[in-house]
Amino acid sequence: AQKVTQAQTEISVVEKEDVTLDCVYETRDTTYYLFWYKQPPSGELVFLIRRNSFDEQNEISGRYSWNFQKSTSSFNFTITASQVVDSAVYFCALRYSSASKIIFGSGTRLSIRP
Amino acid sequence: DTEVTQTPKHLVMGMTNKKSLKCEQHMGHRAMYWYKQKAKKPPELMFVYSYEKLSINESVPSRFSPECPNSSLLNLHLHALQPEDSALYLCASSQILGNQPQHFGDGTRLSIL
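Chains as they are written, first to last, in the numbering used here: chain A, 1 to 114; chain B, 1 to 113.
Isolated chain A, as found in the complex (with noise of 0.2 Å):
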């Protein structure tokens, strides 16, 4: 099966704590990619990160962090003290190679509180 979960479906924290947003996948390919976008209330999907599947470097970008581990087929992404600004969807995605579409996850909201 080809499925990207995340379990967590609404997250909610008081601004400049960190959170995890946690990402699980399964694929039967051994070349896959792997994304994540952002929701805004606004409602266009905004490209945050993409990784291949030959590449479990974790990478930083400012406030946000990503934790590719294979061995357990998850791709989390961590902000680093959160800001009201980060409120939003935020979709993992996965598409491996023999496809031609993304599968995306059911998303989780989350809410940073002032």
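In short, the hints are calculated from the structure, not lab data.
Ideal placement from N, C-alpha and C gives every residue a C-beta, glycine not left out.
Mixed in with the good hints, there may be bad ones.
To be verified - Computed cross-link-like contacts, DSS-like style, restricted to lysine-lysine with a CA-CA straight-line distance of at most 27 Å: (1) B:Lys22 with A:Lys101; (2) B:Lys18 with A:Lys38; (3) B:Lys41 with B:Lys9.
Said to hold, decoys possible - Chain A residues, not near chain B, derived (Cβ > 12 Å throughout): (4) Val14; (5) Val85; (6) Pro114.
Chain A is already provided as a structure; the job is to place chain B on it using the hints.
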């Protein structure tokens, strides 16, 4: 502002109306996509165009008719829609059909009366 522009931002139409959604990008991308997103759900792929040719149709009802007049434009023609078609319709583009990131527009919020 996104680099994929969708118009209109909001559309209310009756079930007998005919309308079109428009999507435009000037990034030189050769793959363009239509997604449908219901509230509190992830986007669902509807159509994919690659080099102006329809590449994927995810068994979408014929009341939705896509059109790609050129490499920068993607339309979605709507006719005889049902109330359950009310949703956010998102357009996206990527450099080519492959593993490049897709860039999304703001979407059109469609309500069917």
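To see whether the hints hold, each was checked on the structure:
1. Taking the CA atoms of Lys22 of chain B and Lys101 of chain A, the gap is near 21 Å; set against the 27 Å cutoff, the hint holds.
2. A distance of roughly 32 Å separates the Cα atoms of Lys18 of chain B and Lys38 of chain A; the hinted pair therefore is violated under the 27 Å criterion.
3. With a C-alpha separation of about 19 Å, the suggested pair Lys41 of chain B and Lys9 of chain B falls inside the 27 Å cut-off, and the hint holds.
4. Here Val14 of chain A stays apart from chain B, with its beta-carbon at least about 24 Å from theirs, past the 12 Å limit.
5. For Val85 of chain A, the shortest C-beta to C-beta distance to chain B comes to about 16 Å, beyond the 12 Å cut-off, and the non-interface label holds.
6. Distance to chain B confirms Pro114 of chain A as a non-interface residue, since its nearest Cβ pair spans about 24 Å, more than 12 Å.
Figure legend: structure checked against the earlier numbered hints; the only hint not met is number 2.
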